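With these hints in hand, go ahead and build the complete structure from the sequences.
Everything in the sequence shown is counted per the working numbering, starting at 171 for the first residue and increasing by one.
Hints should not be assumed to be uniformly reliable.
[Stated by the list, open to error] Across the chosen pairs, the derived CB separations fall in these ranges: (1) Val366 - Asp401: 14 to 22 Å; (2) Gly240 - Arg197: 18 to 26 Å; (3) Thr396 - Val366: 33 to 41 Å; (4) Gly308 - Ala270: 40 to 48 Å; (5) Gly334 - Ala357: 17 to 25 Å; (6) Gly271 - Asp401: 35 to 43 Å; (7) Phe194 - Glu384: 31 to 39 Å; (8) Ala399 - Val366: 20 to 28 Å; (9) Pro355 - Pro181: 17 to 25 Å; (10) Gln332 - Gly183: 15 to 23 Å.
Treat the hints as calculated values from the structure; they're not laboratory data. All values derive from a computational prediction rather than experimental measurement. Glycine included, each C-beta is placed from N, C-alpha and C at the ideal position.
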Amino acid sequence: MCTLVLVVPPPGGVLQVAANRDEFLARPAAPPMPSPDGRWLAPRDLQAGGTWLGVNAGGLFVGVTNRSSGPRDPSRRSRGLLVVEALESPDAASLHRRVAGLDPAAYNAFHLAYADARFAGLTWSDGTSLRQERLGAGVHVLTEQSLGAGDDGTRRGMVQDQVGPGELVDLEGWLALLSVHGPEPRAGTCVHADAVGYGTRSAFVMHRAPTVGESRCAWTEARPCTSPARDGTGLLRTVGRW
Numbered sequence: 171m172c173t174l175v176l177v178v179p180p181p182g183g184v185l186q187v188a189a190n191r192d193e194f195l196a197r198p199a200a201p202p203m204p205s206p207d208g209r210w211l212a213p214r215d216l217q218a219g220g221t222w223l224g225v226n227a228g229g230l231f232v233g234v235t236n237r238s239s240g241p242r243d244p245s246r247r248s249r250g251l252l253v254v255e256a257l258e259s260p261d262a263a264s265l266h267r268r269v270a271g272l273d274p275a276a277y278n279a280f281h282l283a284y285a286d287a288r289f290a291g292l293t294w295s296d297g298t299s300l301r302q303e304r305l306g307a308g309v310h311v312l313t314e315q316s317l318g319a320g321d322d323g324t325r326r327g328m329v330q331d332q333v334g335p336g337e338l339v340d341l342e343g344w345l346a347l348l349s350v351h352g353p354e355p356r357a358g359t360c361v362h363a364d365a366v367g368y369g370t371r372s373a374f375v376m377h378r379a380p381t382v383g384e385s386r387c388a389w390t391e392a393r394p395c396t397s398p399a400r401d402g403t404g405l406l407r408t409v410g411r412w
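Quick look at the structure:
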């Protein structure tokens with residue numbers, strides 16, 4: 171499970187990103203850091219070598235969630251590698267065209283979202299077929315149960331009921347929305363399924379403004395309901411060139 175929110179603005183506006191990573195608690199990970207060549211900023215999955223989100227020097231944001239489907243096939247490529255490779259794209263529109271040629275059988279089911287100042291798109295796969303759509307201005311909430319893969323209405327509602335059309339939510343407000351607990355361990359944006367060693371591991375929030383100098387980001391290295399936020403704006407501006 172993961173929750174990924176993109177608020178796509180009209181032209182000239184601020185792209186808003188809010189994301190929780192839900193994963194087994196013992197799976198090793200590293201916080202956001204620049205890539206070795208300094209071309210993108212992303213956290214790292216130290217087990218599979220990929221990442222679940224990142225932003226590159228051109229201001230392209232990319233994020234992935236799993237998609238509920240049948241049993242996971244361990245022989246397929248890590249979905250986190252999709253993000254690493256996508257961050258090498260110069261912009262969201264060209265990435266949208268490029269991932270249209272992906273072999274869906276190469277990965278377990280996923281939702282891949284991406285956006286910059288001019289374009290926002292989504293590519294998703296059930297492991298056998300691939301679909302795409304352009305995302306218009308507004309609030310878009312993705313979970314592993316989105317787009318017909320299950321019922322994610324509760325988590326979508328937790329976000330969409332709180333964010334008005336055209337509203338710019340500050341980073342602290344996004345972290346609060348990512349800290350909501352539901353009536354069941356997995357029903358909120360912040361997941362606590364400690365009995366099975368699973369839950370929300372980290373959070374990331376960003377304002378991707380028209381210039382990197384106006385942009386901000388922050389993250390938590392554990393559950394956002396208890397973990398203090400770390401300001402990543404300096405790292406973002408080190409990488410960013412837009």
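Hint says 40 to 48 Å; check whether the CB-CB distance for Gly308 and Ala270 agrees.
violated (23 Å)
Lying within 33 to 41 Å: is that true of the beta-carbon distance Thr396 to Val366?
Violated, at about 19 Å.
Given a hinted range of 17 to 25 Å, is it respected by the beta-carbon distance of Pro355 and Pro181?
Violated, at about 41 Å.
Looking only at beta-carbon atoms, does the pair Phe194, Glu384 fall within the given range of 31 to 39 Å?
Cβ of Phe194 to Cβ of Glu384: about 37 Å, so the range 31 to 39 Å holds.
Is it true that Gly271 and Asp401 lie within 35 to 43 Å of each other by Cβ?
holds (38 Å)
Distance restraint hint 20 to 28 Å, applied to the beta-carbon atoms of Ala399 and Val366:
holds (27 Å)
Taking the Cβ atom of Gln332 and the Cβ atom of Gly183, is their distance within the range 15 to 23 Å?
holds (19 Å)
Please check whether Gly240 and Arg197 have a Cβ separation lying inside 18 to 26 Å.
holds (21 Å)
Taking 14 to 22 Å as the hint, is the beta-carbon distance of Val366 and Asp401 inside that range?
33 Å Cβ-Cβ, so the 14 to 22 Å window is violated.
Return holds or violated for the Cβ distance of Gly334 and Ala357 against the range 17 to 25 Å.
holds (24 Å)
Hint check: violations occur at hints 1, 3, 4 and 9; the rest are consistent with the structure.
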